[in-house]
Structure formats: C-alpha cells, structure tokens
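There are 2 protein chains.
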Amino acid sequence: MTKSHGEGASLLEYPASQGRAGDLFQLLRDGKARTRAELAGSTGLARSTVASRIEALMLSGLVGPAGEATSSGGRPPSRFAFNPSSRVVLAVDVGASHVIVAVTDLGGKILAEQRLARQVSDGPEAVLDQVVAQGRKLLATAGRKAGELAGVGIGLPGPVEHDSGKPVKPPIMPGWDGFDVVGYVQQSLRVPVLVDNDVNIMALGERTAHWPEHGNFFFVKVATGIGSGIISSGELQRGANGTAGDLGHVQLARGADVQCACGNYGCLEALASGPAIARALREQGLDAAKGSDVLRLASDGNLQAIQALRQAGRDIGEVLATVVNLLNPSVIVVGGSIGVSGEHLVAGIREVVYRRSQPLATSHLRIAVSIAGDQAAILGASRMVTQYVLSPAVIEATLAGTAAAG
Amino acid sequence: MTKSHGEGASLLEYPASQGRAGDLFQLLRDGKARTRAELAGSTGLARSTVASRIEALMLSGLVGPAGEATSSGGRPPSRFAFNPSSRVVLAVDVGASHVIVAVTDLGGKILAEQRLARQVSDGPEAVLDQVVAQGRKLLATAGRKAGELAGVGIGLPGPVEHDSGKPVKPPIMPGWDGFDVVGYVQQSLRVPVLVDNDVNIMALGERTAHWPEHGNFFFVKVATGIGSGIISSGELQRGANGTAGDLGHVQLARGADVQCACGNYGCLEALASGPAIARALREQGLDAAKGSDVLRLASDGNLQAIQALRQAGRDIGEVLATVVNLLNPSVIVVGGSIGVSGEHLVAGIREVVYRRSQPLATSHLRIAVSIAGDQAAILGASRMVTQYVLSPAVIEATLAGTAAAG
Chain A
1 MTKSHGEGAS
11 LLEYPASQGR
21 AGDLFQLLRD
31 GKARTRAELA
41 GSTGLARSTV
51 ASRIEALMLS
61 GLVGPAGEAT
71 SSGGRPPSRF
81 AFNPSSRVVL
91 AVDVGASHVI
101 VAVTDLGGKI
111 LAEQRLARQV
121 SDGPEAVLDQ
131 VVAQGRKLLA
141 TAGRKAGELA
151 GVGIGLPGPV
161 EHDSGKPVKP
171 PIMPGWDGFD
181 VVGYVQQSLR
191 VPVLVDNDVN
201 IMALGERTAH
211 WPEHGNFFFV
221 KVATGIGSGI
231 ISSGELQRGA
241 NGTAGDLGHV
251 QLARGADVQC
261 ACGNYGCLEA
271 LASGPAIARA
281 LREQGLDAAK
291 GSDVLRLASD
301 GNLQAIQALR
311 QAGRDIGEVL
321 ATVVNLLNPS
331 VIVVGGSIGV
341 SGEHLVAGIR
351 EVVYRRSQPL
361 ATSHLRIAVS
371 IAGDQAAILG
381 ASRMVTQYVL
391 SPAVIEATLA
401 GTAAAG
Chain B
1 MTKSHGEGAS
11 LLEYPASQGR
21 AGDLFQLLRD
31 GKARTRAELA
41 GSTGLARSTV
51 ASRIEALMLS
61 GLVGPAGEAT
71 SSGGRPPSRF
81 AFNPSSRVVL
91 AVDVGASHVI
101 VAVTDLGGKI
111 LAEQRLARQV
121 SDGPEAVLDQ
131 VVAQGRKLLA
141 TAGRKAGELA
151 GVGIGLPGPV
161 EHDSGKPVKP
171 PIMPGWDGFD
181 VVGYVQQSLR
191 VPVLVDNDVN
201 IMALGERTAH
211 WPEHGNFFFV
221 KVATGIGSGI
231 ISSGELQRGA
241 NGTAGDLGHV
251 QLARGADVQC
261 ACGNYGCLEA
271 LASGPAIARA
281 LREQGLDAAK
291 GSDVLRLASD
301 GNLQAIQALR
311 QAGRDIGEVL
321 ATVVNLLNPS
331 VIVVGGSIGV
341 SGEHLVAGIR
351 EVVYRRSQPL
361 ATSHLRIAVS
371 IAGDQAAILG
381 ASRMVTQYVL
391 SPAVIEATLA
401 GTAAAG
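Read top to bottom, the protein sequences are chains A and B. With our numbering applied, the first sequence closes on residue 406, and no number is skipped along the way. With our numbering applied, the second sequence closes on residue 406, and no number is skipped along the way.
Extracted from the complex, chain A is given alone in its bound form (with noise of 0.2 angstroms):
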C-alpha cells in the first residue's frame, strides 16, 4: 500500500450524502413534490443525470408535474411528484369464509372494494376464479384498464411459502397445499402475483396505514385462530419456513389439561381464541356457540363473558411478555375478530404484559386495538405488492424497459 491511497482518509468519515440515479424515485416516494435542482442537491447526480432519469420517470407516469417552484429570477423551475394513481394494485383477503377483493392505487388508497360470501374449502380454483372475475368487474368499476393493474396481492388463512406464494399444509384448506396460486392467477391476469398468510398482510397493512414511524411493530390476530405478524426493522419477517408468528400454538402452565386441535396440550389458541372463550362458557351453562356469542353476551354485560375475555387477555399477555422481551417492540396492535371487540381483552393484556416484561422494553411500548380493522388484509396486500413494485430494482428494470421501448 503505497502512500498516495494509503491514508483512508474517505473511510474514516461517515458519509455525507450518497447519490445513486435508483434513489431518485426512492425520494420521491413521499410524495413531495421537488424540482430538478433540490433532486440533484439531495442525491447528488448530475444535473444532466437528474433530467434524463426524471424524464423516463414521466413517461412511465410513476412521476408527474406538480407545479412550479417560487422563481428566483427568470422561468420558474418545474417540480415533480410521485403519482401514485399512475397504476392500480388487486388486493386480495381470503378468509375461511370470506373473500374481500379491492382495487388501490400505489398509495394503497382503495378505488373499489367487494366483500364475497365464499368457503376457501371450495379449493383454490374455485376460489380464485372469483377472485379475477370480481377484480376485473372492480377495475372496470373504478374506471381503469387491464394494462394499469401493476400486481396483485393475496392473503391467505394459512402458511404460505411466500418466495413461491404455494400454501404449505395449511389445516383450513383442503385442496390448497401446495397449489401453484401465482401460476394460476397469472394464467388471466399477466402482472406480479404476490401471496402471504392473512395475518402478515394484516401487520402490513395496520402498520403502513396507522403507524409508519413504528419499525418494530407486533400485530396479534385473535379470532378463530391465534396469529401474529412481527415487523423488525422495518421489514415483515417471515422466518426459514415462512412460519414465523405462530403464536397459537405456544403453551401456557395454565392450560396443561387443555388439548388442542394440534394434539399437544394448553396451547394459547385451546385458552383464548373465539371457540376457546365459548366452549369455557358454555362449561358454565352458558349459550355461546362460538366467539361472536361471546361478544354478543359481553357487550349485553354479562359478568361472566368480560371476564372469560379479560382471562383471554391475560393468557395472550403472558406470550407477549415474552415477545416484548424478545422482539423490544415499540407498539402491539390487537386485531382480528375477537382482537378488536373491546376493551377487556385489551386489558387483560395490558395487565400481564407490563407486570411481567422488562422495563426497558415497556417504557415507551404501546398497546393499541386495530385500527385499520376489517381492511387491515386489504391495506396490506396492496402494500405487499407496492414494495414489490416501487422496488428500487423493479424500477429500475421498468425505466430500462421504458428507455428501451422508447
């Protein structure tokens, strides 16, 4: 190592700004609008590099005119934005009983939205044969073309394999496993095909929409099932197998005499799911079928109901303690059917969850009810299609596309 580059001087300051042509779009993405120059100032390209890669940004239709500046002399200068209705997204939720199809555009705002009656047991042919047919009649209703749809986005009830999009084994879906969703889609709609389980859509979709700021962000399903979407980072994480968040299956000291389904004893979801919360209710004489009857029976007051979901809570609680020491979230956000009916389980939660965690951890920890609710999928799996999408690498093969088109 001779002197001339021996010094290192560069690496032993912390960088000032970077400038890369593929953060351009990156910054713009927030949706403020920017002229040429403040773009050049904040990546730190060429002028010439800013113009050319705005104009390929324009023509695509991801950026668009938003006004001019103040001018200080002369022609004012121009200032771009991101156009988020430049292209529209398919956002599919498919519950065990139910299927929501929307269409958003790439802010994840919804044009169009249908709510379906249908049994996902009906298998994946059956199921997703509607899915296209109703996603098309929503585009047509919300005026937009088959050739603006950018990708569609699908929740599913079960595992999911999410780099292939194939459901894994998934106990509520007969016909499912191991289906080839994306190929199937992709036979009537030729654009990106993204699939997860419903309960990461709903962590994505909860945090876009209501808590952004939030990088480590728990989301809790409690309905049928007991779930979670664990955001770190940032990122959702999926885990090896796609299996991360299985929260229902954790067992508890205080259900050692419970079975679950799973056939191992005081899971968290054989104590405080919907079903779970019924069949103890009914063991004390009381009518409650299944999780909406406790609601039902609670919001009535009855005594014995607000405690069955104030014990619920505190079951749940105790896995979370352990998930506030382990994960250090900065919000839990509870979802899902029985997740959003109310306070007590809420409060159930809160109780053990800032008794048995550390300090540290709960000190600016939030516990919130979902806000986002029933749209919670939706809002996600436009999202999960959207960071597909606006990726730095997609744009930059779809602005190579579009220079070499034009």
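I should point out that these hints are in silico values taken from the structure, not numbers from a laboratory. Fair warning: there could be bad hints in the mix.
Think about it this way: if two alpha-carbon atoms lie no more than 25 angstroms apart in a straight line, the pair counts; the simulated SDA-like pairs of lysine to any residue are [unchecked claim]:
(1) B:Lys166 x A:Ser363
(2) B:Lys169 x A:His214
(3) A:Lys32 x A:Ser42
(4) B:Lys169 x A:Val352
Given the coordinates of chain A, work out where chain B should sit on it, guided by the hints.
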C-alpha cells in the same frame, strides 16, 4: 395515460438483472476474481463505467489485480478481486472481567489478538484507554499503520443504544450508563466506532463465520447471565430500544418460588444461568460456588451436576420453543461459557424444543453448540465494522473522496 406508456410492460415482468455502479463492489465482495467484461455482464453497466469504477477501487486499495483470464486471442484480460487485507479493523470484546482486543482484516481474519484481565466496573475511561493502547500495540504487531485502520467495533456486556453507541442502564457496568463510548474512542482513533452488546455481536460473529447461508439465525448465550442475539432476514435485530433478545427474564412456571435479581420470580436466568445451577447444587450439599464449578463436577461425572445442566437445558428449551414458533429460525446456536460446555445442556434444550414447537418450524431446524466459541464476539465486532464501512453508501462516499483527492 396514453398508449405509448400505458402498457406497463416492464412492470409486468420480474427484473432480469439490475445495474448500478455501487453494485460492482458489492459483487466483488464475494472474493471471486472477475474481468471487466464479466463485471459489465453481471451488473449491466457500460464497459467505460466499469473501467472507471475499477480504477477508483484500485486506487482505494479495496480491489486489487488477481491474475489474468484465458485469452480468446490477443492480450489476455486482467482479473480483479476484493482485497480484504487492504485495511484492518480493531475488534474489541469487553466482558465483565476480561477484555479481548484483536486486529482483523476486512474479511474477518484475525491478524493479532490479546486477552487482558480487566474489570468492566473499573469504568469506561480506564477500560477504553487500555483498549486503545493495546490496539496500537497489536497494529504494530500485525505490521499495520494507524492510517490503515478502517474502524473500531466494540461489544459491551450490557444494553447499548446502537445508533449512539451509548450503554443504557447496564446492570454490571457502574459508570458506563450513557457514556459516549464513540466520542471517547474517536479522541484517540479517528475512524468510525461501532458499539453493540456482546450477545448481538456474538450472534453476528458466529453466523458470519460458520452459518453464512442461514438468514434466520438465533444465538443464545448461557453464562453468568442468559441473553440472545436475533438475526432475521439476514439482519441483526435490535428492537425499538436496543433490548431485543432479552431472554433472561422470561418467566417460567417451574420457578414460581425462585426470585431473580431483577425482582421478579421465575426468570429463566434465575433458574438456568451458571450461578443459578451452582446454587441448586449447593442446596443439594455439593461444593459449587459458581458456574465453572458446575462444569468441573459434570466433567468429573457427577450425576447431580449432569442432571442440573440437563434441567437448565430444559428450562432454556421452554423459552426457545416459543422462539422457534415465533421467529422460525433455521439454526439455534448455544454459546457462552456454560452453553459450550458439553452436550448435557444442549440435550435438554433439544428435548423440549422438538417436543413443544410446531412440526413445520422444526422440520429443518438445527440446534448446535457454538463453533466460534471464545472468538464469536471478536469476529462479530469485526463484522459489525465491515458491514458499515463496506456498505454501498460508505463505499460511494469513499470512492467520491478518492476521486476528489486524485
């Protein structure tokens, strides 16, 4: 949207290859030698751009010549490769009663290393002064100049706010709370200084050195305390306040009558750490003052000590079963002085994890004893620095600095 750009053809396809200038160095980081033509082909960059990038990288020393490729006629083309020995890193592992200081190259190869007896309770200035002095000696031993130092990585035995490098209420580190470790070290060594807690860097070191292909990796340290380091989607996860991985204070039903130093009852650390196992053996009439005594007894074949280690493994396994369901790692590595001691503890962990976790999450799960052992923290401290100084943003700034200087 007009037809000329309304087809969205390029958004309809997955990208074939991406090309950005910064990617050229990231590509070379794998250590393989490549010709300019191969680099142009892999990155999609123009030949002229590749040539100028290679020139800048050669000038910085980060890339060097690596022989010639076979010619297809005419002068054989030159090959280039990442030169990990071009700079060095000072890697520091501060424990409760020891400090290890090492000099590594940019590939994590240890060039010189020294273990010192030093109490962390002596306070930050005494400890860090010794680290700097020892670091200078080791640089000389390794035949390297201070100007070749790319950065300093430090692991501390307590919670650290990674962004600022400041310890946060560390229980066994009097005088360190909120201390500006980065600023203090930079008074002597004017390079980037990165700080994290010891378990995080042990996870990083173990994974980098021995499990690089595992992006969902979990490291549990069992010693005087119990803690863990989480790698998800290939990235170390620190949580909202830097306390992620705090496994030691998860509560277990078995220990309802055992009080922990934290004030709660039944914490994992109060049941399964070195001092906890020693205490349990003392209660059985054995002579075991601390964790190392437990290991000695077990290696002498004492059945009570062996059973106590196995039970500690089962207790740790209870918590790891939840970790497996929640994070779905493909590898769990057990380290720390008690963790690496033999098969008894790990046998207890395996017994419980495979029984209590969901089959999908354990079907490909490996549970192994640390391979890096004593060197995990040093390797991780080095890796923490190279992750930063070789990142695209810092490399861009480096090359810009080199170009400006030249």
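Quick rundown of the hints versus the structure:
Restraint check: the Cα-Cα separation between lysine 166 (chain B) and serine 363 (chain A) comes to about 18 angstroms, which is no more than 25 angstroms; the hinted pair holds. Restraint check for lysine 169 (chain B) and histidine 214 (chain A): the C-alpha separation of about 23 angstroms stays at or below 25 angstroms, so the hint holds. For the suggested pair lysine 32 (chain A) and serine 42 (chain A), the alpha carbons sit about 13 angstroms apart, so the restraint of at most 25 angstroms is met. For the given pair, lysine 169 (chain B) sits about 24 angstroms from valine 352 (chain A) by alpha-carbon distance, which is consistent with the 25 angstroms threshold.
Of the hints listed earlier, there is not a single one the structure fails to meet.
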